[in-house]
Amino acid sequence: METLKTCEFASAPINEALTPADKIRLLKEMLRIRRFEQAALRAYQGGKMGGFLHLYIGQESVAAGACSLMGPNDHVITAYRDHGHALAVGMNMNECMAELFGKATGCSKGKGGSMHFFAPDKNYWGGHGIVGGQTPLGLGLAYGLKYKGLTGSAMCFMGDGAVNQGCFYESMNMASLWNLPVIYIIENNGYSMGTSLARSSVFKSCLAERAEGFGIEWDTLNGEDVYEVRAKIQVAVDRAHQESRPTVLEIATYRYYGHSVADAKHKVYRSEEEIETYKAQHDPINLWKARLLEERVLNEEQYEAIDDAAKKEASDSVIFAEESPIPSVESITEDVYFEVDRQTAAGRTGRHFFND
Amino acid sequence: METLKTCEFASAPINEALTPADKIRLLKEMLRIRRFEQAALRAYQGGKMGGFLHLYIGQESVAAGACSLMGPNDHVITAYRDHGHALAVGMNMNECMAELFGKATGCSKGKGGSMHFFAPDKNYWGGHGIVGGQTPLGLGLAYGLKYKGLTGSAMCFMGDGAVNQGCFYESMNMASLWNLPVIYIIENNGYSMGTSLARSSVFKSCLAERAEGFGIEWDTLNGEDVYEVRAKIQVAVDRAHQESRPTVLEIATYRYYGHSVADAKHKVYRSEEEIETYKAQHDPINLWKARLLEERVLNEEQYEAIDDAAKKEASDSVIFAEESPIPSVESITEDVYFEVDRQTAAGRTGRHFFND
Amino acid sequence: MAEITYREALRHAMAEEIERDENVVLLGEEVAEYDGAYKVTEGLWKRFGDKRVADTPISEAAFIGMGVGASMLGLRPVMELMFWSFSSVAWDQIVNNAGFVRYMSGGLINCPIVIRGPANGGTNVGATHSHTPENWLANVPGIKVVCPATPYDAKGLLKAAIRDNDPVMFMENTLLYGEKGEVPEEEYIIPLGVADVKREGTDVSIIAHGRAVLTALKAAELLQAEHDISAEVLDLRSIRPLDEEAILRTVRKTHRVVLVEENKPFCGVDAQIASIIAEKCFDDLDAPILRLSAIDAPAIYSPELERRQLPRPTDVVEKVLSICR
Amino acid sequence: MAEITYREALRHAMAEEIERDENVVLLGEEVAEYDGAYKVTEGLWKRFGDKRVADTPISEAAFIGMGVGASMLGLRPVMELMFWSFSSVAWDQIVNNAGFVRYMSGGLINCPIVIRGPANGGTNVGATHSHTPENWLANVPGIKVVCPATPYDAKGLLKAAIRDNDPVMFMENTLLYGEKGEVPEEEYIIPLGVADVKREGTDVSIIAHGRAVLTALKAAELLQAEHDISAEVLDLRSIRPLDEEAILRTVRKTHRVVLVEENKPFCGVDAQIASIIAEKCFDDLDAPILRLSAIDAPAIYSPELERRQLPRPTDVVEKVLSICR
Ligand SMILES: Cc1ncc(C[n+]2csc(CCOP(=O)(O)OP(=O)(O)O)c2C)c(N)n1
Ligand SMILES: Cc1ncc(C[n+]2csc(CCOP(=O)(O)OP(=O)(O)O)c2C)c(N)n1
Ligand SMILES: [Mg+2]
Ligand SMILES: [Mg+2]
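Residue numbers (my numbering), protein chains in the order written: chain A, 1 to 356; chain B, 1 to 356; chain C, 1 to 325; chain D, 1 to 325.
Since the hints were made in silico from the structure, they are not lab data.
Just to be clear, a hint being listed does not mean it is correct.
Covered by chain B, per the in silico footprint, the following chain A stretches (three or more residues, Cβ under 8 Å) [stated by the list, open to error]:
| hint | segment |
| --- | --- |
| 1 | 123-130 |
| 2 | 318-327 |
BS3-like, lysine-lysine: derived pairs with alpha carbons at most 25 Å apart [what the hints assert, rightly or not]:
| hint | chain 1 | residue 1 | chain 2 | residue 2 |
| --- | --- | --- | --- | --- |
| 3 | C | K46 | B | K265 |
| 4 | B | K23 | B | K289 |
| 5 | B | K267 | C | K39 |
| 6 | A | K267 | D | K39 |
| 7 | D | K46 | A | K265 |
| 8 | D | K46 | B | K148 |
| 9 | D | K46 | A | K267 |
| 10 | D | K51 | B | K148 |
| 11 | A | K279 | A | K311 |
| 12 | A | K148 | C | K51 |
| 13 | D | K39 | A | K265 |
| 14 | C | K159 | A | K148 |
| 15 | D | K39 | C | K280 |
| 16 | B | K265 | C | K51 |
| 17 | A | K148 | C | K46 |
| 18 | B | K204 | A | K204 |
| 19 | C | K253 | D | K280 |
| 20 | D | K280 | A | K265 |
| 21 | B | K265 | C | K39 |
Here a beta-carbon is modelled for each residue, glycine too, at the ideal position from N, C-alpha and C.
So that you can see chain A by itself, here it is in the shape it has in the complex (with noise of 0.2 Å):
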């Protein structure tokens, strides 16, 4: 397998690549995601929104690297654990936060909630509630492409959890035979809920390694690190553009808060201690910010006009989902039926709805 050494992913040509307005921008990014969770978090503890919370704070580093690569063509989806890839792909802060609060503005109209974040204009194809059930989504989506003659590829995260789901592996069969430019990211917290990878997994060296048995390229990855996902990740994506060939990659990374907001228990299953060495000496963020500070790229002040635009545009989020309108009922039954909605002959013949 194709490996680069710690010390060559800064000089990765795809690093090299990058402007200080770039590397700048790509802490914004993990700054814009980490802000508008906790903004979402406090909403959530207010009591202004409902079912459940999965926050990727810890793990920015993944989709904010990951997304920094896409082209016209490259395509990304996810799990429930998705507004770092939403805002990562560059949704705006208001139409996601007015999804949370189930408003009229919201991303999905307040029909998807905090699971299901679309996009599909930005190649975001959302945000899934079924552990595992977006791996065959994302197969399509890089047979979509190849099937139109397209150079492109499909990001399909999953959590470590998720590989023992069975159409992972279907899937992965499916993308070796045919060749399709599908990368699947596992993003491995070592925690699927309340079960550590050890309870939950066997394996050789690592998930990924499972791809061996199918023919697939694998690689693992340290996620704290932006420049090494960019590169590794790149390998990848390189792979799916120049031989239309699928990639397994595992990346270890960290969520700080509990499964979901609602997981009273994350302090039982890991020791306090274990997230807190976590948070000190490997959070995303604060490894980047020493690196640009490093690379005299960033200093201080700019750092915090970065963050304090973050989380003004946070807290606005948060006006402007409050002030937001609530759905219709009539909305209600929108959106079910394309032909419906849109008054086509098919929508209108026959009868689509039971209610009466």
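For chain A, the structure is supplied; the task is to place chains B, C and D with the ligands on it using the hints.
Using the frame of chain A, we list chains B, C and D with the ligands on its own:
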């Protein structure tokens, strides 16, 4: 991975322990399968049955060899190509043929048909029509054995096409994680219906190697030689009994007929020559017969007698099936609910069936 | 007009749509090189090549999900399930992804997929291979369900389904593949959501879908010939969208109704039809609404008994007589 | 009698059955060390240990199938689905293996499994997490389906389900877990197939199951207080087997009926109930059978709207008034 060299198969302890009578019994079991299926084929062509008929002919050494290793707590489950395993665990031809004829005397009272033979009293759990669907059931048998504190194994047979059903991977992970004594035996006959292995799967050296990613021991073997089948499966049985660990085995074998009797194209997707070569050089019955002749355990006369007995048993079973009664119309709603069949209090409470 | 089989009608529909729209692609097990397990796609791979017609591994969850993903990008995949029974291993992809992705995205994403294949009992392949999930799928808002009974309908409805921008579950029947019927040379489309009066009558309405329509028609002939009862036969054709008006119209005309389907009774499609009629035709009915479904057990293998398990024309006649005498 | 929650009632039922029968084992995601995602199994792992209560990976197809296989050997697995919605990835194992193995084996094999977990909307978790598949599963002969509405019923029915020798699909509701009710100390069992008149009345029957029973009871109070209408509320409790006699009895008593459920309308359980009543109470009805179901769309996330999507007491009142005036 533990392997045995070819020359050692005959002298593996499990084979050394075979008496001449045992060896002849193995021949007899294989011949019983072949003659049973040939009779079934004729009856099918004569319009005596409906649905599918998937013949096992060519693969007899696998079921006969494997099932000859079964002790009191070793269990077997397989897919829809299930006649061979059924006879090999000791089912009689009458109940099997009657099942094909849809008669009340069939092993499943005419309810299951060719794909759904069962004999739980002989540790035989079917006969399953949905490709791959039996793999979690095999896991469950192994789990049940372990739960009950029994030293046993669950041999779960499957095809080379079935490896692309996701639940197989989920099952492998659980088997490995929970140390369950299941043995997945892939009968690789080179085709899933009209699709060759190369058109359905990508793998490294073989399909069984996919087990590597789940920390499971695996091996491949040549199914044409009964000694090899027994020697290598015994390794897995020992592992199950002694370590309560799973194994994945892949057995090279071949089916002489089409996927099912309805498969008109089976000489299109594979060459006549391929079929004839296998029959001429790799037929497991011929090879075993030759061995036994060579070992002077058998002579031609005895062979004929055994074969004649198998043929007679088969033709008698056709008569038995012909003469057996069709199940009653009332029986359609029997065997749906245990409680209703037994007319327990639960079975007599509330409405269970909804015609009229 | 030429007489062709139901199978050919389906094949022609697919061929025409492949030619018409470059985004149409056929995928499934054995659909290409093998010409289809039931020969529905015979010749299409030869004619249109690997890109437009391709064989998949036995991985329904992955390939159905793949089709859904591709449809989100604008392809129009026509996916064959060798049997609709095998939808059981792709259920999540069908219901949650095909069915809900438009809704969950607030209408940003469409899923113009067709999933097709046979959904029927009666061929002695046992309980695992004889599912008729039209009721389960029509329960799901976001999904459309079609069950054609004749070659003419099969072709016109399949073309409509392929052009439809919503996910359409298209349920065929292996026992109908060889049935012949008149199909015009000229292109035509049958909109989803339009039922068809397959036989006019005045004394009783028999409402059916899929192969049960043929059973109903045979019953109607027997009723006419032997009992002088004039039965109207309404073929639903499409389950969702549903032509409710046609249902109400025929019931209000005849005042008596028997519902026939090959599914199991509990919560079958006809439970829904009955509940609609019971509510909306309360004052129009001169007799209770009767239902005839498969005998309520898993599909039995035994050929003789499976014939008995599914509704027969004589069973329909009996039901009708019980409310027309 | 002590008041305990629905959650505790379920937990007590499982604890008692674990103690009573060494073959009972609880399996599922997070049921053991984490005490259950909804804390239904809280404390059971500590109390009974690894053998009797175990956490599975996120592999529903494998672990449900494993439970089926183990039940064939005589174990009585009680499998938790964290949400019944996740049955979509184990559908084949549930329907074909749990549902049909007894039939396909001609009665040689039993499958005494219980699959349990919450099946409900109303908690703003979106369309993928809000399935109510009682109608799909009750469609399958071979499967039993239970939907308790109160702590008392939850305990008695779960104990009956665990002792039952057929596969029982046990559907709970996250919105009910915290509801309290009286539950006796002494052991009791509620047989499957017995409905319960939760409130006597004379003017109209409201038939419901699951959480809709509470909605119906609130509606009945409003009807009494504000409209002087005496509504009888029948709780089906068990969907299959079904207490058809109780249904017919209440309809024949009140001559008017409104059916309420939280499922989507098309082919919901109440379609079946309506079709039974329409056939068997044809001469008893003084008004059309009305149904009230969830608004016919995938479960919406927006909390305010999801409250609106599910039947509310006032919606029931409105339905009742439309046939009682
Ligand atoms: C099929 C299915 N089973 C169970 C769940 C419930 N569930 C949601 S997230 C989750 C844990 C997933 O862990 P992992 O894949 O590691 O992702 P992470 O939460 O760590 O991002 C579970 C069990 C689900 N949504 N879908
Ligand atoms: C889930 C599912 N998909 C498709 C089928 C149809 N089918 C039956 S057997 C078969 C081929 C299986 O091939 P393999 O696993 O190699 O077994 P073999 O027939 O060679 O013994 C197919 C596609 C099925 N029964 N179940
Ligand atoms: Mg994780
Ligand atoms: Mg094969």
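Any hints this thing doesn't respect? Which numbers, in order? Per hint list: 1, 2, 15, 20 violated.
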